[in-house]
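J.: Sequences listed follow chains A and B, in order. Heads up, the first sequence is in my numbering, so the first residue is 1 and it goes up one at a time. Heads up, the second sequence is in my numbering, so the first residue is 1001 and it goes up one at a time.
Here are some, though not all, of the chain B residues that point toward chain A, as calculated from beta-carbon distances under 10 angstroms: (1) N1052; (2) I1057; (3) E1078; (4) I1080; (5) K1082; (6) I1084; (7) F1095; (8) G1106; (9) N1141.
Ranges between beta-carbon positions, derived for each pair: (10) A:S175 x B:N1090: 29 to 37 angstroms; (11) B:S1146 x A:L22: 32 to 40 angstroms; (12) B:K1064 x A:P333: 55 to 63 angstroms; (13) A:F19 x B:S1112: 16 to 24 angstroms.
Using 30 angstroms as the maximum straight-line C-alpha spacing, the simulated DSS-like pairs for lysine-lysine come out as follows: (14) A:K17 x B:K1115; (15) B:K1098 x A:K17; (16) B:K1062 x A:K248; (17) A:K15 x B:K1115; (18) A:K15 x B:K1098; (19) B:K1225 x B:K1064.
Worth flagging that the hints you see were computed from the coordinates, not collected in a lab. Virtual Cβ for every residue (Gly too), placed ideally from N, Cα, C.
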Amino acid sequence: MNKSLIQLTSLINWKRKLFLILLIGSLAVLGIGIACLNFGTVSINPKDIITLLINGSQDKTKSLIIWQLRAPRIVLGILTGAALSTVGGAFQGILRNPLADPYILGVSAGAALGACTGIAFQYMTGYLLSSYLPLFAFIGAMLSLYLVYKSSKISYSANSTGLLLSGVAINFLFSALITVLLALSRRELHSMVFWLMGDLSSANWKKISIITLPVIIGSLILFFSSLDLNALSLGEEEALHLGINTSKLRIRIFVIGSIIIATVVSFTGLIGFVGLIIPHIARLLVGPDHRIMLPVAAFLGGAFLILCDVLARTLMSPTEIPIGAITAIIGAPLFIYLLRRKN
Amino acid sequence: MAIYQDFLTVKNIYFSYTVNQEILSDINFSLPKSQLLGIIGPNGSGKTTLLNIISGILKPDKGKVFLQNQNLNHLSIEKIAKLISVVPQNTWVTFNFKAKEVVFMGRMPYISRIKGESLKDYEISREAMIKTHSLSLSENNIQEISGGERQRIFLAKSLAQTPQLLLLDEFTSHLDLTYKYEMLNLLKNTLKKENLTIISTFHDLNLASIISDRLLLLDNGKIEKIGTPKEVLNEKNLYKTYKVKPILINHPRFNVPQVIM
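Only chain A is shown next, with the shape it has when bound in the complex (with noise of 0.2 angstroms):
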């Protein structure tokens, strides 16, 4: 084999990168999780966090906060990071748009109707519904959802910008009618508001047990559509050259990131900014062939998550601010020097 032959076999070589990066991101992610479990109202000592995992723990109050509240709120914070971040870079490939994340296709408006629609009709009704809530925020994700794709379809065929523009007349519709609801709402308005910003302090086990299985096999599909996502960028025309049914690739990307998106969601609210630019510092790190940014970006969105929610639920403990904030104002910024360190 001669040298030009080797130069070109590096990319052959994909499947050890990608293991590379399975095994460090996960590695990462674990310690990154596991430092973040020191954090929190009541400080607990890192030695006693480190036996407790190990040994447990004879001290009831300590081994409550770490496995009940800190745990699955980091576990919850690494799927919706994660889930997040992936949908975010294929919805980026399949639209062809950088600007695009994994709102822009109208389900989180939905899940966000839905969810405020559950929140005004319990104080109406006087019906505790809180537990109930996800349900109606998937209801209203899936309904969009199914408007998006009608909507796409009926007008240009379900083409990349007839798809576009759908999701975003369905984001503005939905938008304008939480607004509605907003300014109806009284007493409701706080937690309207808190929803629609996104937390992960209602994080517990049985909503991960939920949650888990639709991220992972959504992303799984999602990442054996890499190469496809790949060929996409080089345009419309080309793929189809290519071999590709381009519409059915872009249907399944949108409905499968889309339900992906409506699990999450539903259960966390619309925490914003991650999708959008944890793709991009992935693409910055590792190029942009999806085999390799997809994962990446699902370690970087997760590790990133928790990281945001550390400093969310510590700055001015015991005030909690909306992890959708610090997301925006550490991200932006780290993001601009990225792209400056760049050029």
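Since the structure of chain A is provided, determine the placement of chain B on it from the hints.
T.: Below, chain B without anything else, positioned relative to chain A:
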């Protein structure tokens, strides 16, 4: 079913984007294997549309395209991708891939989505880059090289697709003189030896005349004339389509007509 002897037969094609405005009408021609057909004609005469119909991404309103006696309408786009590859006019890539990664994408019709590329795919891609003099670009970022360099990378990608029929959409438009010569040489000699059949649209009539075995002159979506460059490029045809009276001279080296103002 009729049997078409020729490699490519375009039969009675009609196409319009909107009602009452035919972009192409009554297009009939055939092309034997390993010939190079140049499509020429004024702006808006339907050159690119015809290319898109032959490549199978536009469906004609009427008429059929047969490639090796198979009706393209009956083939899936995956199958078509193994037979026909296209070098587009627009070579912008959304994300900043390395040039070699773009060439590897030519192997998409053959690659399992689970396993990814094999060593064979890399060898074919490398051959394609050597042929198009673009191996030295392989590590460059695709958004950071010139338009002409991108076109060579896209040609390499299309050759890596190992097609039977290669379609070029105004391929030479961004190439400087050096590469025009090299690409001319590549198209006329190397690719012909490999029995590759090529259809290319041209803006530049003189280049079209030198490179093509036959020329197809389109005017307002209809075939005005098809034949050898000598048969097509004459004063009568050019006046009819381009509405100008240019001077025609004979190219001293290639012995084909050249059009000067």
